[in-house]
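Let the sequences and hints guide you as you build the complete structure.
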Amino acid sequence: MYYQYKKQFQQALVEWYKREKRDLPWRRTCDPYKIWVSEVMLQQTRVDTVIPYYERFLSEFPTLQHLADAEEEKLLKQWEGLGYYSRARNLQAGVREVVENYNSLVPDNRSEISKLKGVGPYTAGAVLSIAYNKAEHAVDGNVMRVLSRVLLIEEDIALPKTKKTFENAVMELIDPMHPSEFNQGLMELGATICTPTSPKCLLCPVREFCTAFNEGQPENLPIKTKKVKMKHIPYDVFVIKNTIGQFLVEKRPAKGLLANMWQFPMVEQVGNADTTNETKLAEQYNLNLLSREKLTSFKHIFSHLTWHIESYSIGCEEQAKLPGNCQWFTAEEMANLPMPVPMQKVWQSYKIETTSL
DNA sequence: AACACGGGGGG
DNA sequence: CCCCCAGTGTT
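Numbered by numbering that gives the first Met the number 0, the letters in the first sequence go through residues 0 to 356 in order.
What the hints contain is simulated information worked out from the structure, not anything from laboratory work.
In this text, a Cβ means the ideal position worked out from N, Cα and C, and glycines have one as well.
Some clues are possibly wrong.
Just the calculated beta-carbon pair ranges, DEER-fashion [what the hints assert, rightly or not]:
1. F328 <-> K279: 15 to 25 Å
2. F301 <-> D107: 21 to 31 Å
3. A253 <-> K230: 21 to 31 Å
4. L201 <-> P61: 42 to 52 Å
5. D68 <-> V46: 27 to 37 Å
6. G255 <-> D68: 40 to 50 Å
7. E214 <-> I300: 30 to 40 Å
8. P252 <-> K279: 41 to 51 Å
Right, here's the structure in full:
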């Protein structure tokens, strides 16, 4: 972009942002910790979803020290339903590094802040530009979409190396006097005007600088190749209640999908024989099973796989030799356990079923 | 470079 | 129902 247009582009974007920006909770602070929390929550997650989590999280953990001191179970409970739970653990690990090694001051330069757990190129640039007003790139999906259209960049954004192109473009274009508003303006534009489908070009403050608007088809950018083969796994999930009114739940392993979250016992469905999976359950969990009743069936879609859930309610005699990751809890105790959404659905279904009796 | 990692919204 | 969204860590 020619120099004189670059200045005009910066001014049009920054002025539009100042005028039209949504009033969001994390835009009422410059506290680097709070900006950091918001940026981690906003990774792969929509603004409307994040807002209530952000408010609750910061009232529970108002400072770096509060978060550094938190129990993991309490942390995960705050994050419950937000997804990508390793974000929460990594955030806490990063916060502990800041408390330990940086005198509780979030670093204000890319090399140090990028060493923190969970802080990648995007989050580093977002915190540096928004909290410290540093002229650093913060390239997320919105920025790639906006700039692919404005600059007619036709590289495949599914390729990791393409991000370098966009980071270079931002460093070339960024308003050195207003880096915070410039970066947030790009993201705000992508979120509200320059949307993936049906971009509202006629409302766009920078359409006169947009190559795709003037010469091409903005709705067909950015270019992204297809990928990902979805795996499907059928599971039977069991809400198991013993004779003294406790429920059997297990903690998932510390690594992998839904790490350290709690769930009802579940077994992968093997065949069509109705009793096979229940036998497998009784063996795996060393249980004496009594009556059984059908609960909800549904599909839960992760980014890379799909669980097909069928759930059952089963009565059971209490057993002495449970697997180590299993525990009996009352309904009240279970309310404090972080559980992923599919398990909440099963639990909800159980509660509806039993209260109607 | 490829894959793992949640959950929600829209057409 | 199927489609879309996309940062960081690990390998």
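A quick look at each hint next to the structure:
no., hint, result
1, F328 <-> K279: 15 to 25 Å, "23 Å, holds"
2, F301 <-> D107: 21 to 31 Å, "36 Å, violated"
3, A253 <-> K230: 21 to 31 Å, "22 Å, holds"
4, L201 <-> P61: 42 to 52 Å, "43 Å, holds"
5, D68 <-> V46: 27 to 37 Å, "29 Å, holds"
6, G255 <-> D68: 40 to 50 Å, "27 Å, violated"
7, E214 <-> I300: 30 to 40 Å, "38 Å, holds"
8, P252 <-> K279: 41 to 51 Å, "19 Å, violated"
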